[in-house]
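Number of protein chains: 2
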Amino acid sequence: MKIIIQRDRLVQSVNDVLKAVSTRTTIPILTGIKLKANEEGVSLTGSDSDISIESYIPSEEEGNELVEIKETGSIVLPARFFAEIVKKLPENSVEIEVHAHLQTIIRSGKAEYKLNGLNADDYPQLPQIEEENMYAMPIDLLKTIIRQTIFAVSTSETRPVLTGVNWRIEDGQLICIATDSHRLAMRKTAISGNGNSHSVVVPGKSLSELSKILDDTDEEIQMIFTENQVLFKSKNLLFFSRLLEGNYPDTSRLIPNESKTDVRINTKELLHAIDRASLLARESRNNVVKLSTLEGSYIEISSHTPEVGTVTEEILTHSIEGEELKISFSAKYMMDALKALDVTEVTINFTGAMRPFVLKGVEDESMLQLILPVRTY
Amino acid sequence: MKIIIQRDRLVQSVNDVLKAVSTRTTIPILTGIKLKANEEGVSLTGSDSDISIESYIPSEEEGNELVEIKETGSIVLPARFFAEIVKKLPENSVEIEVHAHLQTIIRSGKAEYKLNGLNADDYPQLPQIEEENMYAMPIDLLKTIIRQTIFAVSTSETRPVLTGVNWRIEDGQLICIATDSHRLAMRKTAISGNGNSHSVVVPGKSLSELSKILDDTDEEIQMIFTENQVLFKSKNLLFFSRLLEGNYPDTSRLIPNESKTDVRINTKELLHAIDRASLLARESRNNVVKLSTLEGSYIEISSHTPEVGTVTEEILTHSIEGEELKISFSAKYMMDALKALDVTEVTINFTGAMRPFVLKGVEDESMLQLILPVRTY
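So the protein sequences, as listed, match chains A and U. Its first residue numbered 1, the first sequence is counted upward by one per residue in UniProt numbering. Its first residue numbered 1, the second sequence is counted upward by one per residue in UniProt numbering.
Errors might be hidden in some of the hints.
Heads up, the list lumps identical chains together, so a pair's fine if it works in one copy or across two of them.
To be verified - Straight-line C-alpha distance at most 20 angstroms; calculated SDA-like pairs for lysine to any residue: (1) K19 / I51; (2) K36 / P90; (3) K360 / T267; (4) K88 / N15; (5) K212 / P124; (6) K212 / E269; (7) K87 / E269; (8) K110 / A340; (9) K70 / E170; (10) K110 / G296; (11) K88 / E269.
Hints were generated in silico from the structure; no laboratory data involved.
Take the sequences, apply the hints, and build the full model.
Structure below.
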């Protein structure tokens, strides 16, 4: 293999595939990045066997030559070193040449690296995925959906299936649900595609890495599901993730149909008041703040930590309907939910101090956040 | 005590004095910030007993009212909470009022905090320093001097005196020296003042915190030395630091008077080449790179780590005079020294592969960096 490649484009591809490379792998070759040059361009691959990322650099793009292929071939180079080296090369033109014994020369300006490579034939094959069950949506919508649900996945491995986000596709609609059993985030959106109904669980970590790699554009990304893999496919990028095994719990019973107290309030005002109250709550184990309805459409947000002190703040709501209420909950869960909602005004439907409550945008059914309260009375 | 104070100014003062507050202190009251309001303004104090910082907010500045003093008095508030609270207060006007039992109300907009305070009489007194032995220099020069020497202090406590920077004042000149016994940084500058000759050792940590607090301005800062304290004094700021005990070693014998190979080279080109070579060197224990003189005014920077590979880079120097040379040294020390020098072109005077070598700006005697080589041949 011998190529001359543009440094800046190489740096970007290396950084993308590096997100799949783990330093803690037990499979030595997966600490490397695979480079493969054919007549049309160069592909880079990184993998930790759960996630695999392939980034493609075509020889030519929009009339610019990105890679000159002198000789086709492939090699696996140590990922961390290769990434640091390409970032610091002095010139924008980089020559990569594989010599005998897999020794690889990287040359740029007067700087020359000789790296010990590994045999690309020993690198695991990417999953073969047939293009059935294919869906598509704009990249920026996908990123929004990920951001609005991913924070609610469980970080505990006691129920592994809860560390993922449940993606259900039914009748042209995608429903994404995440829960750690203390709170739940749900987002619905229309989706185009040719596949059957599907219910899969995508690891939270995979969605988080995918989101970091994707630029904010309204270009389409394709999604292809198999029994145990999902492939996200955009221009010059393949992102494979293993799916989580096991049945995702039926969360529909969790969501209350009725409510006893309905509060409509400016999202930012509530968010900032909770943030301020949580400063003292953070000291105590649970990061708990209290919300109480007051006369005249006011609510009070408060928190008390005996050693440190007390904080109270009143906020004028848009409206309070129904019963009086005093309820305690995790400040963190509340802030996460309010931030995810992306709305100016939020409706909170409470069903008493001991029952889960629901946050939605006003007259917006596309998204729902549910939080279990904390018993303090 | 009861005051109404501008939030933004309070936040800045709290952040400044917070730099002296340690969470790991054994003296409980030092986890707090002392506030003291008199008729003219409010002072805030933080201390870890090594460093003490006092920031003063006058009632009025340039016609703007910064503090309204309703009632003079003083209180100690928990530093971390107080800092986070003031940062997040909703309005720019903040009321602080001490009630019975030292309970302190902080009010801004509709947010109200009650914090448990401590008695300010129990807070340690700041050192009383007489204004003898007083010197002055512009703040930006002081910050530059600190940056150019502080990186070379020792991080090991085996010789505590080496964790500080030696400041010697003689004949209107300040000489700052730092060494960890593997390298040495020296900076000289003219200084104005009325004191006698002085040689003190200022803790590296103190200089680092001082530098963070000071803005980049050419306003004057005063420095007052006593036997065991130094006070830096600028407008509205007092910064006290304990001095290190013990005699600073005589470093003048370390600096060679003659040289056998003299290289003059562009600082940035050398710095970047060392940086690139160190990518591979970092893997090995010592982060060692090699410099070899070549024919035709070239030098070669190289590094070799058997498991990973090799890097070599040639650089055209301005000139090489004297004997041929192959020498190995720490890439980190070399990069630290080159960055500190602040010059376009550097002269390196070598006295053989086993002797310390000296870096200076071309025709610049105000600064010197010395590095001990590593034996690899």
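How the hints compare with the structure:
1. In the homo-oligomer, the alpha carbons of K19 and I51 lie at most 20 angstroms apart inside one protomer (9 angstroms), although the nearest pairing across protomers, at 43 angstroms, exceeds that limit.
2. Taking CA atoms no more than 20 angstroms apart as the test, K36 paired with P90 passes in neither setting, with 24 angstroms inside one copy and 56 angstroms between copies.
3. In this homomeric assembly, K360 and T267 come within 20 angstroms of each other (Cα to Cα) only inside a single copy, at 10 angstroms, whereas the closest approach across copies is 59 angstroms.
4. Taking CA atoms no more than 20 angstroms apart as the test, K88 paired with N15 passes inside one copy only; the shortest distance there is 13 angstroms, against 36 angstroms between copies.
5. Taking CA atoms no more than 20 angstroms apart as the test, K212 paired with P124 passes in neither setting, with 24 angstroms inside one copy and 50 angstroms between copies.
6. Proximity of K212 and E269 under a CA criterion of 20 angstroms is satisfied in neither setting, with 29 angstroms inside one chain copy and 34 angstroms between copies.
7. Proximity of K87 to E269 under the C-alpha cut-off of 20 angstroms is restricted to the inter-copy arrangement: shortest distance 16 angstroms between copies versus 43 angstroms within a copy.
8. With identical chains, the CA atoms of K110 and A340 are never at most 20 angstroms apart, being 50 angstroms at best within one copy and 25 angstroms at best between copies.
9. In this assembly of identical chains, the alpha carbons of K70 and E170 never lie at most 20 angstroms apart, being 49 angstroms within a copy and 66 angstroms across copies at closest.
10. Taking the shortest Cα distances, K110 and G296 sit within 20 angstroms of each other only across copies (15 angstroms), while inside one copy they are farther apart (75 angstroms).
11. Proximity of K88 to E269 under the C-alpha cut-off of 20 angstroms is restricted to the inter-copy arrangement: shortest distance 12 angstroms between copies versus 46 angstroms within a copy.
Comparing the model with each numbered hint stated earlier shows that hints 2, 5, 6, 8 and 9 do not hold.
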